[in-house]
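**Student:** Take the sequences, apply the hints, and build the full model.
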Amino acid sequence: MSTSALVSRLEAACGEEYVLTHPHALATYGSDGLAQYHQIPVAVARPGTAQEVHAVVRACYEAGVPWVARGAGTGLSGGALPVAEGVLIALSRLRRILQVDLDDGCIVVEPGVTNLAISRAVAPTHFFPPDPSSQIVCSIGGNVAENSGGAHCFKYGFTTNYVVGLEVVLSDGTVVELDRDAPGYDLLGAFVGSEGTLGVATRIRLRVIPVPESTRTLVAFFEHTSQAGDAVTEIVGAGIVPGAIEMMDRLSIRAAEAATHAGYRLDAGAALIVELDGPEEECTARFDHVMALCHEAGAQDIRVAKSEDERALIWKTRRAAFAAMGRIAPAYYVQDGVIPRTRLSEVLARIDELAGEYGLQVANVFHAGDGNLHPLVCYDAARPGEPERAEELAGLIVRACVEAGGSITGEHGVGVDKKRYMPDMFAEPDLEAFQRLRCAFDPHGLANPGKVMPTPRLCGEVPGPYREHPLERAGVAERF
Amino acid sequence: MELQTILAARPATFEAAASMLARAAADGQTVRLRGGGTKLGWGAIGPESRIELCTGRLNKVREHNTGDLTAVLEAGTRLVDAQEQFATAGQMLALDPPLAGAGAASRSGTDLGATIGGIVATADSGPVRHRYGAARDLVVGMTVALSDGTISQSGGKVIKNVAGYDLAKLFAGSFGTLGVILSVSVRLHPVPAGTATAFAADGDPEALAAAARALAAAPFEFDALDIAWKRGRGTVLARCCGADPLRRANRAARVLQEAGLDDVDVTAEDDALWELQRAGQRSRNGALLLVSARPSALAGVLRAAERCGGSVVGRAALGVSYVEVEADALEPLLAALPAGASGVLRDAPAEVRAAIDPWGEQDGTALELMRRVKARFDPAGACNPGVFVGGI
Chain B
1 MSTSALVSRL EAACGEEYVL THPHALATYG SDGLAQYHQI PVAVARPGTA
51 QEVHAVVRAC YEAGVPWVAR GAGTGLSGGA LPVAEGVLIA LSRLRRILQV
101 DLDDGCIVVE PGVTNLAISR AVAPTHFFPP DPSSQIVCSI GGNVAENSGG
151 AHCFKYGFTT NYVVGLEVVL SDGTVVELDR DAPGYDLLGA FVGSEGTLGV
201 ATRIRLRVIP VPESTRTLVA FFEHTSQAGD AVTEIVGAGI VPGAIEMMDR
251 LSIRAAEAAT HAGYRLDAGA ALIVELDGPE EECTARFDHV MALCHEAGAQ
301 DIRVAKSEDE RALIWKTRRA AFAAMGRIAP AYYVQDGVIP RTRLSEVLAR
351 IDELAGEYGL QVANVFHAGD GNLHPLVCYD AARPGEPERA EELAGLIVRA
401 CVEAGGSITG EHGVGVDKKR YMPDMFAEPD LEAFQRLRCA FDPHGLANPG
451 KVMPTPRLCG EVPGPYREHP LERAGVAERF
Chain R
1 MELQTILAAR PATFEAAASM LARAAADGQT VRLRGGGTKL GWGAIGPESR
51 IELCTGRLNK VREHNTGDLT AVLEAGTRLV DAQEQFATAG QMLALDPPLA
101 GAGAASRSGT DLGATIGGIV ATADSGPVRH RYGAARDLVV GMTVALSDGT
151 ISQSGGKVIK NVAGYDLAKL FAGSFGTLGV ILSVSVRLHP VPAGTATAFA
201 ADGDPEALAA AARALAAAPF EFDALDIAWK RGRGTVLARC CGADPLRRAN
251 RAARVLQEAG LDDVDVTAED DALWELQRAG QRSRNGALLL VSARPSALAG
301 VLRAAERCGG SVVGRAALGV SYVEVEADAL EPLLAALPAG ASGVLRDAPA
351 EVRAAIDPWG EQDGTALELM RRVKARFDPA GACNPGVFVG GI
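Protein chains in written order, with the numbering used here: chain B, 1 to 480; chain R, 1 to 392.
Since the hints were derived computationally from the structure, they do not count as laboratory data.
Please note that the accuracy of each hint is not assured.
Partner residues aside, some chain R positions facing chain B, computed with beta carbon under 10 Å [said to hold, decoys possible]:
(1) 87
(2) 89
(3) 167
(4) 242
(5) 265
(6) 375
Which chain R residues stay away from chain B? Per the calculated CB distances, all over 12 Å, these [unchecked claim]:
(7) 26
(8) 279
(9) 335
(10) 355
Quick reminder that beta carbons are idealized off the backbone N, C-alpha and C, glycines included.
**Tutor:** What follows is the structure in structure tokens.
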């Protein structure tokens, strides 16, 4: 099928005005939240209904053209980066809330609905716990693809713990219903977090839970991150599971304070935000205990939010940390690694050492409960070679996380950015097993190719004789 | 029909397990997998195999990282043994299926108890699924052997990780049909400081379901919220854990009272109540159907069970019910279930299992995709063939 024939098919599927082919229009979709990668697709299709998505995917299949699904484009691993010869399917028009059913504790939505809109739709009695920092704009379809987390997932779990049903379009245009409780393989569990490489979800059923009765929030300041780390270990060791427990280091405190003027201590080496939520009596009993443990760990100062406004300011300051880095550095590279929480001091020391070697500043923001580190590597793009050095340093940090027994990504995903680190974490037989799943869902490799796996690979036919794949013919990929 | 096993392999290492599986597959043989042997009657009856691979010697807790609340368990580790070790640090794996706790071995009259591999492979769970989720939600990494001898790992040892595909979820509940689970990394939780249970009874399924719904919507963070039904009368049970469980249980009791239920009570000596709930998930002589339905269909499930002379235990807020009936009442029970409910037969006499498909009707498209997954992971068809949905 020629490009123009494909575009006609797409136009027939979604309507002419919703298929973009002009270079200026396409440029808008060239990157997601990770702007250093940019790629112009052949066309952008903006279907308005699930049926239109099915038709678009079907058209791509018949043309043998790869495609990438995109939600709000806030991803930080290049997962929604278009492929040059392919179609970008933008799901932003699918933002209907289809059903709210609080008797069954669930909500059914289209993939373009924002994360925050879900909690709003079930308020004031219920909420949807996964809360990525971008929750005002990021879409639930993207959350499903990335298995998104957020500050509250140490207690409440990740997107994968809340998805109970999906309508998925496979790359051959087949529509399949995946239900968490249906007998058979947990294909739904395999799909969530697959970064758009197994298909595209067009309808999402989610579990929502009752809003906690009580919420208590404090921020404790320490001289050193190691003391804050000790406090976290003591709190968790005491059997307390905070709703959120977040740490910021000296540099990120400075940046965030400059943005929000929340009155954070600028002489502190670490700020630890602890939020307890749950039943009244549980919260009250635990909160005093947490204060005592923070004091014992050497807290210089503890501030307790006395009102919802004060609580909101604590969180605003925490959420501002990323964007506020712009105040102390012209540019920065956000890293996302996970370590066993008990290795925190050692890994932070290693990051300090590496930062010294590279002559760059690294600020650390940390989901402390689950060991998810977000080092922000600051650099100045105007200085020759510095962006490259920053990226190299970010890579060494991620390797330090893996060496400590952790992971290359806790919530941003592998996408295009981290696939080169996959072999640090997974051996060839592990990657080969991943590919088996990929091939079962998408034997032709049309759904978001070039992501997640470190090297392009093709699927052998099962069963049947060998046939040359178009990508193989073009020399783009080889068979493993 | 009893299977004639010729060879029972008990590998002591991952490598030995993988190579036994690969050799059998290369010879065109099929392999049956066995953990603690507590659920061998589940699933369909597959074709006879001559080789049984037992995980009994893969029984070490490889890691218990107390500070990180994680552990790595070999598949043949009995859950009861692992829990004993975790308890020394005030921790637990929040999975409480039947035949996996202290006393399980003596009750079954053998030295066996459910292993972590078997529990994960069958996706078995117990009352605390309400709070902590099922096996799939607690397993953060997995090592498996595939039928070509490959040993592969997915996930990791940290509780938050999105690198690579979540193959642990695919293998959880796969009944050994994709490969052999060799070990799992799990997330642990603190053992609650105290527990207390509020409970109340009624003879009206609607009243029980409404009370359960009111509790499910309350912000009490129950560890478990269950229903039980037998001979025309049922109970709602809500377990509170943590700092002041009795006070919270009393608040729950008030909700039950307001819902109009009878015999409202609260007890801190609640272990026996929950052991009964677990026991109700298994049937020695009858047929046990695992019913999945929307929580709002709970009253319908209770009525169906009552009509067929059955008894029920279940997770009221999750829509998961275990219905036990006499074997000859199974067909009427399936017909009486509310619309949208599906049933999977678990325990049943062999002749009953042989006569029907224990998995029930499947959606054709999803089943086709499952067949493709099976073909990719076990192209030789060596792993536990015929026991799973659609004859996989």
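**Student:** For each hint, tell me whether it holds in the structure or not.
**Tutor:** Each hint tested on the structure:
no.	hint	in the structure
1	87	violated (13 Å)
2	89	holds (9 Å)
3	167	holds (6 Å)
4	242	holds (5 Å)
5	265	violated (20 Å)
6	375	holds (5 Å)
7	26	holds (17 Å)
8	279	holds (23 Å)
9	335	holds (18 Å)
10	355	holds (18 Å)
In the structure shown, a violation is registered for the earlier hints numbered 1 and 5, in ascending order.
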